[in-house]
Amino acid sequence: MSKRGIVLYLHAHQPLRVRKYSVFDTAINHDYFNDSVNNSGQNNEQIFKKVADKSYRPMNAVLEKLLATHPEFKLSLSITGVFIEQAEQWAPDVLESFKRLVATGRVEVVAETYYHSLAFFYSLDEFERQVEAHRAKIRELFGVETQVFRNTELSYNDSMAKWADKHGFKGILAEGWDPILEWRSPNFVYRPAGTEKIALLLKNYRLSDDIAFRFSDKNWPDWPLSADTYNDWVNTSATDKSIVNLFMDYETFGEHQWEDTGIFSFYESFINKWLENPDNTCYTVSGAIDAFEPVGEISMPKTVTWADTERDLTAWLGNSMQQEALRYIYSLEDDIMRTNDQSLIDDWSKLQTSDHVYYMCTKWSNDGDVHAYFSPYESPYDAFLYYINVVRDLRWRLHHYHKTGGLNG
Amino acid sequence: MLGWELPPHNSGGLGVACYHMSKALALTGAKVDFVIPYRAEHPEIDFMEIHSATDLTPLDRYGLGAYDSSTVIDKTFSKADINDLKDMRGVQKRYVEYVESIALSLEPDVIHAHDWLTMEAGIRAKEITGAPLIVHVHATEFDRSGNESGNQLVHEVEYQGLIMADRIIAVSNITKNIIIEKYGIPADKIEVVHNAIDVTSFDDGYQYDLSTYKYLEALKDEGYTIISTITRFTIQKGLVNFLRAAAKACSRYDKLVFLLVGDGELRDELIELTTDLGIADKVFFTGFVRGKQWRDAYSVSDVFVMSSVSEPFGLTALEAAYHGNAIILTRQSGVGEVLNSVFRYDYWDEDVLADQMIGIATSKALKDTLKADVKKEYSKISWFDVAQTFIRIYKSMQKVGIS
Chain R
1 MSKRGIVLYL HAHQPLRVRK YSVFDTAINH DYFNDSVNNS GQNNEQIFKK VADKSYRPMN
61 AVLEKLLATH PEFKLSLSIT GVFIEQAEQW APDVLESFKR LVATGRVEVV AETYYHSLAF
121 FYSLDEFERQ VEAHRAKIRE LFGVETQVFR NTELSYNDSM AKWADKHGFK GILAEGWDPI
181 LEWRSPNFVY RPAGTEKIAL LLKNYRLSDD IAFRFSDKNW PDWPLSADTY NDWVNTSATD
241 KSIVNLFMDY ETFGEHQWED TGIFSFYESF INKWLENPDN TCYTVSGAID AFEPVGEISM
301 PKTVTWADTE RDLTAWLGNS MQQEALRYIY SLEDDIMRTN DQSLIDDWSK LQTSDHVYYM
361 CTKWSNDGDV HAYFSPYESP YDAFLYYINV VRDLRWRLHH YHKTGGLNG
Chain S
410 MLGWELPPHN SGGLGVACYH MSKALALTGA KVDFVIPYRA EHPEIDFMEI HSATDLTPLD
470 RYGLGAYDSS TVIDKTFSKA DINDLKDMRG VQKRYVEYVE SIALSLEPDV IHAHDWLTME
530 AGIRAKEITG APLIVHVHAT EFDRSGNESG NQLVHEVEYQ GLIMADRIIA VSNITKNIII
590 EKYGIPADKI EVVHNAIDVT SFDDGYQYDL STYKYLEALK DEGYTIISTI TRFTIQKGLV
650 NFLRAAAKAC SRYDKLVFLL VGDGELRDEL IELTTDLGIA DKVFFTGFVR GKQWRDAYSV
710 SDVFVMSSVS EPFGLTALEA AYHGNAIILT RQSGVGEVLN SVFRYDYWDE DVLADQMIGI
770 ATSKALKDTL KADVKKEYSK ISWFDVAQTF IRIYKSMQKV GIS
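Each protein sequence line maps, in turn, to chains R and S. Counting from 1, one number per residue, gives the positions in the first sequence under our numbering. Counting from 410, one number per residue, gives the positions in the second sequence under our numbering.
Hints are supplied without guarantee of correctness; some may be wrong.
Straight-line distance between alpha carbons at most 27 Å, and here's what the computed DSSO-like set of lysine-lysine pairs gives [as the list claims (entries may be wrong)]:
1. K403(R) to K780(S)
2. K50(R) to K99(R)
3. K20(R) to K598(S)
4. K780(S) to K20(R)
Bear in mind the hints are in silico, worked out from the structure with no lab data behind them.
Assemble the whole structure, with the sequences as input and the hints as a guide.
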């Protein structure tokens, strides 16, 4: 009988934001992501360096310390390709510290799309290219093979599980959303409907979001949350269960929750307390799947994500601007691929990062709650405008390659 | 209420705002006496009593010019000729004398004066009756004069009015900040109350007449986007920058036409500019229009641009939104404080405006989203909420005693 454990999983990602790319840049300047203006909101280098200082460096130090202190401490990470590319340029030491974490053998790297894209919903070919590109990058950088898959924004449905099963992944991650689970607990390993071998791990969203969203919310009745209290909650949740899946953005630590909220020391002392109890341990995502057999089958015919109260893709695909933007970008696929021009293919791929369409979301501004989400742009309409100017430039470049068509609008 | 105009005898947003706020106040239970400087029929106004300060006809309205302080002859009251009806200061003096003559008999609980035009009358009414004075600032001389310094006499009248007021209402934070920074008035004396829109007043059986702007409709059928502005052609409105941006936009995407609705001292200069820029065939000047032609102008257009250098509020943006336009505003326009689903730019930033216009013109998704989203916003902005706020402010003020 395996010990009950927490499955810690952190997702590290930074998009390459599109600069304020105007119609006067279109067909003239082909650099979409290089904004060197200080504090413009789209200066990717500046933002990456800032988040490295606030989050990646201090949190990796906490994780290294915990790994050195507790032989049982384990966790899983997913690190997007666009993150790695930025770290290579602007914070190589951050990448080195991730390498040290993985080299302990107790930190697993999770598979995903290289560009943090929604390609699965638009082009299976492109999706598979990106998953393979990510696997290759992780292999090259860390010398490990990924075994468990997560899709962008934890988006998941039955056909994705079947795809991952068929492609040899031993596990896949998803949101443990009540309307799907009904009476069932997210604290067990499950089997996706219609699959043979793959296991499904479901995020315990209450306990995860206590840290990720509510930790510094002074209006939350449980603020300020102590490590003791949280440890009690997790122990209670884990009673007679196998696992507690605590999945969240890596940037929760230091960026979403600033250091002065006490988030780093909270995390460290929670782990210390959790592992004080000899009945408790930690698992990587693969470790949890090895340790426990699925207790039942879960079906999610419709796509579920870890976002918003709706837990769907409406933050990315909810309005016609977002739908148009992605329709335009994916309609270019064949023409882009047959150029064999790596810089053009890279630019096109980077434009698939889901954050670009997230910035075009209007569902909050309609409620007058414009501050409910983070965007580097003044409005969703500005985000769309710059993006669409870039799409036109891509068309212009393609027109140059193929000497035909593609310049409509 | 001390005002300078009411529909249908208004030349701009001041009269519209005064009409709707008075109506909402009356329906909320307040008794409103409204003083205007001319005599005319107001067939739609039965909710308050209108007092005419002079026997001037509405035809003399434009001679008075509610907004036009640039023609004010710089003379103080004592020098103004009371019989010179064409002279602004003369009319203002008669307006003050009329207010002095009726102030006591009206027994006001509060005096609500709109803009510099009526501030002196407001001060006198306060002195006579002891009722508290609210000065409601729809625009300052700094707004009206664009980047120029403005008329010194008007500045002095405004300053005096702001000092003597017991409470100041500004139509936006932009205006509030001007009052603080330029006139040195303490912030806690000023309350921001944004204007609203009365959508029911548009709901009068109006149907868009496709034949009013038939040529523009034909262009739309050919895929052109109609970009309009409805405004007075004064320096405050930033139309030179707008036309330059229009020319820049046309250099990238030529299926754009521009509809400039209104009139004003800059008209000839603007027409000349369109030829200098080589876009004369793409810019349509309608002159000053009213009624159906005015509403059809909103209806024919796809995009409404408020290009003002300094716009305390900007009611036309809400009207345009009601008529299904996507909205672009300068950051210097107060109405932007109540709308999120819009594009914003700095009035001088012609490249950004050009980019935004092309973006809307070339993307149906963007245009449709902007139109739909801004509709949801303006429909929440009500004059009755404004009236409630005024009632609260009135009640919070005590009589200051006869001085």
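Output the indices of the hints that this structure fails to meet, ascending. Numbers 1, 3, in rising order.
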